[in-house]
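Given next are the chains, with one letter for each unit.
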Amino acid sequence: MIDLLVPLLAGTLAAATPVIFAALGELVAERSGVLNLGVEGMMLVGAMAAFAGATGSGSLWLGVLLGGLAGAGLAVIFCVLALNLLANQVACGLALTIFGVGLSAFVGRAYVSLTLRGLGPVTVPGLSQIPVVGPIVFRQGALVYLAILTYGAVSWFLYRTKAGLILRAVGESPQAAHAIGHPVLRIRYLATMSGGFLAGVGGAYLAVAYTPMWVEQMTAGRGWIALALVVFATWRPGRVLLGAYLFGGVTILQFHAQGLGINLPNELLSSLPYLATILVLVLISRNYQTIRLNAPASLGLPFHASD
Amino acid sequence: MTTLRRIARLSVLTGVVLLWGATGPARAAEPLKVGFVYVSPVGDAGWTFQHDQGRKELEKALNGQVVTKFVENVPEGVDAERVIRELANGGHQLIFTTSFGYMNPTIKVAPQFPKTVFMHATGYKQAKNVGIYNARFYEGRYLTGVIAGRMTKANVAGYVAAFPIPEVLQGINAFTRGMLSVNPKAQLKVIWVSSWFDPGREREAAMTLISQGADIVTHHTDSTAVVQAAEEKGVYVFGYHSDMSKYGPKAHLTATTHHWGQFYIKTAREVLAGSWKPGSVWGGIKDGFIKLAPLNPAIPADVKEQVAQLEKDITSGKLHPFAGPVKDQEGKVRVAAGQTMTDDQMQKMDFYVEGVQGRLPQQ
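First to last, the protein sequences are chains A and B.
Start counting at 1 in the first sequence, then tack on 5, and there's your number in the numbering used here.
Start counting at 1 in the second sequence, then tack on 5, and there's your number in the numbering used here.
What the hints contain is simulated information worked out from the structure, not anything from laboratory work.
Every value quoted in this text rests on a predicted model; they were computed, and no experiment measured them.
It cannot be assumed that every hint is accurate.
[Unchecked claim] Among the chain B residues that face chain A by a calculated CB cut under 10 angstroms, a handful are:
| # | residue |
| --- | --- |
| 1 | P46 |
| 2 | D49 |
| 3 | N78 |
| 4 | W197 |
| 5 | V198 |
| 6 | M212 |
| 7 | L214 |
| 8 | E237 |
| 9 | Y252 |
Glycine included, each C-beta is placed from N, C-alpha and C at the ideal position.
Using the sequences provided together with the hints, build the complete structure.
Here is the structure:
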């Protein structure tokens, strides 16, 4: 039993990592009231930039950094359109995904044939020798740990710092935040760019650590799962982490079951993240109060200082 | 688009002018325009890459007699119809549509260009000017199965598969039969990932198989993730479509690779000579459609010899991967001893043979 559990849980931690990065990033942006549906595009551009940076410089960490910056760069395009020019956020986000898919494919053409020695696992001395827990938790890639640290950082920032409080205030009522002198536009810019950065790092994890390669559309829909996850988590970082492990775990569990000859309904399990998200949406949309309690009040709405 | 069309129109015009002024020999000098439609980018390995290798062989072999053009990354559906029509409009007299989903678009466009020859890969619909072609991938799978059976120490092999359609099942079953023919104790575990292309899931499935004891894995999906996972975990792997040894130099034993070049050359020659007729071609090792990639030095010499001999036997027709008796998992005889599974039966395959673990997902 333990023999089965170890690879299952270790696999879950690794599988959930790209989604955790992207979803935490999107959560920060949405908490400031910006709905950026371009996560898939930002992840792909991040993956591409990371792979190019890693093969070009030989440094995988430089690649990861470049991936994050590329994601943030793409987010800037979104900000200009949606925050400065007040274009519809949903349309801009969708356009950003389509753009990101195309841009990464175009720039990435030269990199399709290259191979990369990916980031290997980090074995924590001593701790990795603990039975069961050791191989699951302490023999993972560095980015797997970084994802958990990012969760801690995002939670701490949103709930324990003044800046986090202001960011959430902007997401609830940009008018009020503006009236007491907070620079709404700048805060939303920074939040959205941070979101882009984390989405880029999520893509980078795929391209330099998880499946070290570059191929078009290699994120294969993980950006959309990240978006769904934010809603599923009702905009709380802890639930994002749990949800990501839950959905990642379902996939891995399903594979293990197949390997053991137990058939689970494959397609149904693949659609579970989306079904669960719809369920959560239905539950919190029951009445005005539950929506107000859970979702940032100004999510997706344009704001202009003259309002 | 408009420039493309303009160029196309211009080239048709030049063609007409040339025809007008020229006599017989000059007309023969006009090269045959051959178009290819690809479902994904050419890339560096995989299904489309192998078709493009075939296109390059065609250009080289019939240098001066043909010019080729390809359109890559064409989604199956309405876009495909537009691309095929544009190629035909642009004066391409021979068009290869290289993905299953191009079947209906090809059949739809073909009647509008009765003088153009269309060749559709992996489909089943033919017409007056539409022929079909496919490769007997399972022959290569059988041989890799034999290698797996000889080389596995755990007696467990793993197979990462996309969707339970006949083509994939042929591969799984042929692999299993090859493996069992040399090692009756061996078993195959299959994981379906429900996607042709998702490097992350492919990797997770391979890791699962390896953690459950498989010491040789292979895949019927489109990325190289399984090869990389095997290299990382220090187990053996067989590539598919292309030689993927670059992605796992130690792990990659060999690969079932596809070779379309000879067939493309033959078809172009027939069209040039005016002797082309519609039909269905299903080529295997004998026809040069399927080859094994160079064998890894880790394979012992006697295994190499055995594989070479079996390859000869398949070529000569002495060995058929689905020669009876073929039993399914429940032990039911699907093909009686002394008989061989027909092409028709193979194209409708919907069961696991003996030796495959687990149950086939219901479709």
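Here is how each hint holds up against the structure:
1. P46: 6 angstroms, holds
2. D49: Because about 3 angstroms separates B/D49 from the closest Cβ in chain A, which is inside the 10 angstroms limit, the hint holds.
3. N78: 8 angstroms, holds
4. W197: This hint holds: B/W197 lies near chain A, its Cβ roughly 6 angstroms from the closest one there, short of 10 angstroms.
5. V198: 8 angstroms, holds
6. M212: 6 angstroms, holds
7. L214: 6 angstroms, holds
8. E237: Holds. Min distance 8 angstroms.
9. Y252: Because about 6 angstroms separates B/Y252 from the closest Cβ in chain A, which is inside the 10 angstroms limit, the hint holds.
Hint compliance for this structure: every hint is met.
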